[in-house]
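Fit chain B to the known structure of chain A by using the hints.
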Amino acid sequence: MAETKAKILVVDDEPDIVDMLKMSLENASYEVVEAYDGNEAIEKAKAEKPDAIILDLMMPKKDGFEACKELKNDPEMSGIPVLVLTAIGQEISHTRYAKSMGLELESDDFISKPVDPNFLLKRLEEFLGT
Amino acid sequence: MEIFNKIRLRFRLVLYFLIVVVISGAIATLVGIRLINTSIIKQAQNQVMHDLSSAWMVYNEKLDDLKDIVELTSNRFFLNTALTNNETGAAAKELEDTRVKYDLDFLTVTDEQGIVVFRASNPLVAGDDQSSDELVRRALRGEIASATQIVPREKLILESPKLAERAYFVLKKTPKAKPASKSVEDSGMVLKVAAPTFDHEGRIIGTLYGGILINRSYDIVDSIKETVYKGEAYKGKDIGTATIFQWDVRISTNVTELDGNRAIETRVSESVYDAVLINGKSWIDRAFVVRDWYITAYEPIRDIEGRIIGILYVGILEEPYIIMRQEIVWSMLKYLIIAVAAAMVIAFLLGRQITKPIAHLVHATRQIYNGFLPSTVKITSKDEIGILSESFNSMSHKLKQTLDEKDKAYAQLKDLNVRYLELLGFATHELMQPLGVLKGYLTMMQQSFSGKRLSPEQHEHAVGTMLRNVNMLVDMSQTYLQLSKIESGQLDTQKERTNVYHDIIIPAIESARPKLMVEEMELVIENENSLDRVDVWADPILLRIVYNNLISNAIKYGKRRGKIFIGFMGNESVFQFNVKNEGEGITEDKLDVIFEKFTRLGEPSRRKQRGTGLGLYNTKEIVTKHGGKIWAESAQGEWTDIIFTLPKTENGDENG
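Residue numbers (the numbering used here), protein chains in the order written: chain A, 8 to 137; chain B, 127 to 782.
Isolated chain B, as found in the complex:
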């Protein structure tokens, strides 16, 4: 589950990244493709416009060549002579040679009235009037006129029946073309030039006109293809094509049909028809020409009077542009794919960088769960995850610290509890002894005792013993109470400025007064004046226990009618206090043992009550707790002196 989530998080990051990249990539691609399209189309259109003007140049050059030929020929001597002398035979021969030489379709001579004198291409027919022809009319006025012209069938027949035959088109059914009003086109379209012929005095004596029939003549269109497109081909198709329309009919073209034949006798599409033939505008667009898409340009062809009579067309095969566009788009897509792949790798690495510390955190959390503390993670960043890691580490340390403290406190409590139970056991056992004594004597004093009644002496002895044991019980209770105060104080001591003489020693002496009187002991306070001024930093309740115990012990183990000395000495660093009694003293090897828990010294004494085994232990605990030391000195058979120190502090705060 943990791994599943981890992977999911990483893949989610990658996914988000990819979505962004793909969306922006897609937008970039669309925009790019659009830009490429527009620029390519624009380029192609510019190209086709340029090609069209080149085509016009070729077309007009052809007309100019024709003009030169006709002009030169019109002033040839033989023509002049023939017209002047009306000798047509030799001139007709000469003229026919010229026509063949320059590859003209017709070449005809008229007189100054415009009446045909002879025809090179059709010598048998003459005498017809050509003066109504605009070109001839202009030539008769002395101009050299050249233009494209539509020539009706009957006139073509006059020039040559072969021409009429060439111009005879049975129109093919063409999709998208305007509905045809006729099924046959029998007129022809010619490039024609007419020039005047002068006599030696400069009078116009006739005209010469000649021309080329464009129908089924591919000279011009192929020349355009050669000149503009250098005959380039793409996959077996011509890159560039050119067509000349007579009105809307293809009469000369190098666009081929599927069978490889030139696509003549077909017609232009309706939209081009309307734009170019009706409105006289240029027309540029992609068009499906016969069998391929072309980027095309159409412009009207006009006759000498400016009337639209046909169309000049050029077209560039669209496919190379499409291929070019595809190549550009592909290379762009290639970069896009590389970019996406790079983005994916980056996203994956980033994802890993982001999820890795999280995985570490998960691992560390598991460790904590399994009890390894403090379990920390390496902080590799300062971002939110870094902050989380840092918090986690501090939490881990804090947890460890808290648990350690708890463990320690638990151990302390356990220890205290053991000591408490130990004490309870000891106390019960100790209490049992005096209680046993009391029970025994009290039973004997009862009427129902199975033995003899106690004698007055026995009775006196029993009562004395019982009283002593009751006192011992009281003593014991007191030391246990002290101990409980000390032990509970281990958790909390309340130190304050305490005057040792007034707050501690005087009250302790007062409470010991009855015992002193019983033992007829004398108590001496040494160095009373300086003791009066001694203030210490201590818990007064605990410190009073110290003096109570020491005085009580001094009485308990001191000799009857002996003296007890309470003393004080101060040096630079510590206060030293002591309580000394007169008595049997303590052997040297026992001087340390007396401060241990539950130890009592000495053989049992009939007269005195015994110790509880806790008094000096308690005393030592309290002194130690206050930063002091305690020890015993003794002279066998003479005295015992218990000495303890307390640290001197200026304000008491340092050791508070």
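This is chain A alone, in the form it adopts within the complex:
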């Protein structure tokens, strides 16, 4: 790991998923920070200042929508792009739900689970504009 492209915060309540995502991101030369719930995600985002956040929606304590809203409302972090993980087939209803919460999420911002690491890396590159 001589050089890293960017620092990515991965948030999911499922450790195996976090592990798996972390391995795929690290093998594509990203630096990875892990969090297992919404609260931890916000703490880590503040502390680590990641370049992008991969955020699962279904989590205990504080779910993805809540965390996302907090991030967007915090001027320090509102600029960090968020890639949202969602169950397959729920993109549309989640977009609507996000809108009702005042979140500006486009369908491009979603990645449906189960995640294909190749697809994730491609989207992440597009996202970061590298």
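It is possible that part of the hints are untrue.
[To be verified] In silico lysine-lysine, PhoX-like type, Cα no more than 25 Å apart, as pairs:
(1) Lys129/A <-> Lys578/B
(2) Lys129/A <-> Lys565/B
(3) Lys68/A <-> Lys129/A
(4) Lys621/B <-> Lys407/B
(5) Lys723/B <-> Lys69/A
(6) Lys281/B <-> Lys308/B
[What the hints assert, rightly or not] Cβ-to-Cβ under 8 Å is the rule here; a few derived chain B residues that face chain A:
(7) His555
(8) Gln573
(9) Phe575
(10) Leu580
(11) Asn595
Just so you know, these hints were derived from the structure itself, not from any lab. Predicted model, so just to flag it, every value in this text is computed and none were measured. The beta carbon of each residue, even a glycine, is placed where N, CA and C say it ideally should be.
Below, chain B alone, put in the same frame as chain A:
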């Protein structure tokens, strides 16, 4: 339509009833009228027969009176003297006085030869021979003879030309009478008596005969009317009438013609003529006499030798009998009409009684149609309608019961379906996690992965994680299968006598053996000897799930190289079983939560696979279903004990 039919049924019943009543009423009326007719006619005929004999009495009395007068007069001294001394002048005067006094039409004296000596009514004519006259002949023999007699015109002239004139009838044309052989009747009919006159030595010295000409004399008939009918009249008409016929000609009567004159000079009808004059029989029948219907009786009048010479008739006006008959019939009809009216009312009420429960049934049926259940009717009778009502009520209740059961079953099915879909959603979501892990690592292991190839350490880690997730998928599949067994078993459990140790615990331990070995755990069965003898009444398949889950959980959440205890305790009413492990334990506030559906405890552990969220829920469902209880006890950081009970039953049947 419904009302129309109802009314029609009721009116039909009334109609049937009325038909029966009217028919029987009509028959009763006809029979009644016939009986009344017969009895009235009979009564009238008896009456007229009785009247006729009364008339004869009057008639014969008249003749007897005449006989007395003539007999008394024949032995008067003046007559005796006159005949003996042949001095007729003074005697004729005396005799004429007697004739006038007793209102006789003629009174004549003959000598012992039958030669007329002098006549009171016609003093100028004498000397004619009367000895051929049957009455005079008998008187000459010493008898007193009295009879009705026909006297020819020439003899009437001898007695008095006035009599001949009175007896002269120009016959009127009479319908129904026998064709007349002559148009004039000039002989007369008389009541006549002849008596002998004796001298002082008792020798017959002559006869006295006298009589009354009946023709145009109404004395007798009016006397009959007076005596028999007391002159009663009905609507200006005489109730009773009497007539004397000379042969077939009315010579004296109080039957009047339309002009009010007496109906003399007419003749009797042919049928009476034949019966009475030819055959000499009495004749009784209703007859149209001159201008009214009469109930009449005719009998022959005979002369002294028994020859029929005329007819005595009496008649009762029929009209009062007809009126009486009408009145009786009317009063009978009145009762009949009252009876019919009563029958109608009864039929109407009966009809209502019959149709009312039917109307109720119709109403109740409509209610059922509109969804009101159970809709019942009041049972008012034990007849067919009552039975129908009863059947209807039971049907209604049965229907209600069935629908309720169906509703309940439907609600149950709906609930099951919701739970099924819920489970399906949960299961899919749960499956997605391990599948996601597998997909991710497998993608990275492929040549085409866009990142760097995995290092040997990474590869080892990935395979370990994947294996754990595959095991989890297997676990999940198992609990879902269990759940489906439990849920389907909710509709049908098959309990049997089951030995807990041999049938349940031993097989469960055998299937857990590989996991135990991996975790290097020791399994201890406490109280093994008594457990050996424990039989319960349970579904063995479900009970095995209980032990599988509890042992599997004990391993999953127990510490490596720890012990697992399988225990048993029995008291008087229940068996108590438990599975205990050594490990982190459960906080007290979570002791109940662990039995809820889709709950998992504890922070994610890297080493261990996580639970499916259904194992303890399934376990609790099964225990509860068997009438037992389940709960957890724990010491933080030391152990967790899951305890459950099953009811003790003698034969197991009571709770079967």
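Here is what the structure says about each hint:
Taken as a hint, the Lys129/A and Lys578/B pair is honoured in the structure, with Cα atoms around 14 Å apart against an allowance of 25 Å. A distance of roughly 17 Å separates the Cα atoms of Lys129/A and Lys565/B; the hinted pair therefore holds under the 25 Å criterion. Proximity of Lys68/A to Lys129/A is assessed by CA-CA distance (about 31 Å); at most 25 Å being required, the pair is judged violated. Between Lys621/B and Lys407/B the alpha-carbon distance is near 117 Å, which puts this suggested pair outside the 25 Å criterion.
With a CA separation close to 21 Å, the supplied pair Lys723/B and Lys69/A stays within the 25 Å bound. As the CA atoms of Lys281/B and Lys308/B are separated by approximately 20 Å, the hinted pair is consistent with the 25 Å bound. Look at His555/B: its Cβ gets to within about 7 Å of chain A, closer than 8 Å, so that hint holds up. At a threshold of 8 Å, the smallest CB-CB gap from Gln573/B to chain A is about 12 Å, leaving the interface hint violated.
Interface hint at Phe575/B: satisfied, since its Cβ lies 7 Å from the closest Cβ of chain A, which is below the 8 Å cut-off. Hint on Leu580/B holds. Least Cβ distance to chain A is approximately 7 Å, under the 8 Å limit. Taken as an interface hint, Asn595/B checks out: its beta carbon lies about 6 Å from the nearest beta carbon of chain A, inside 8 Å.
In summary, the numbered hints that this structure violates are 3, 4 and 8.
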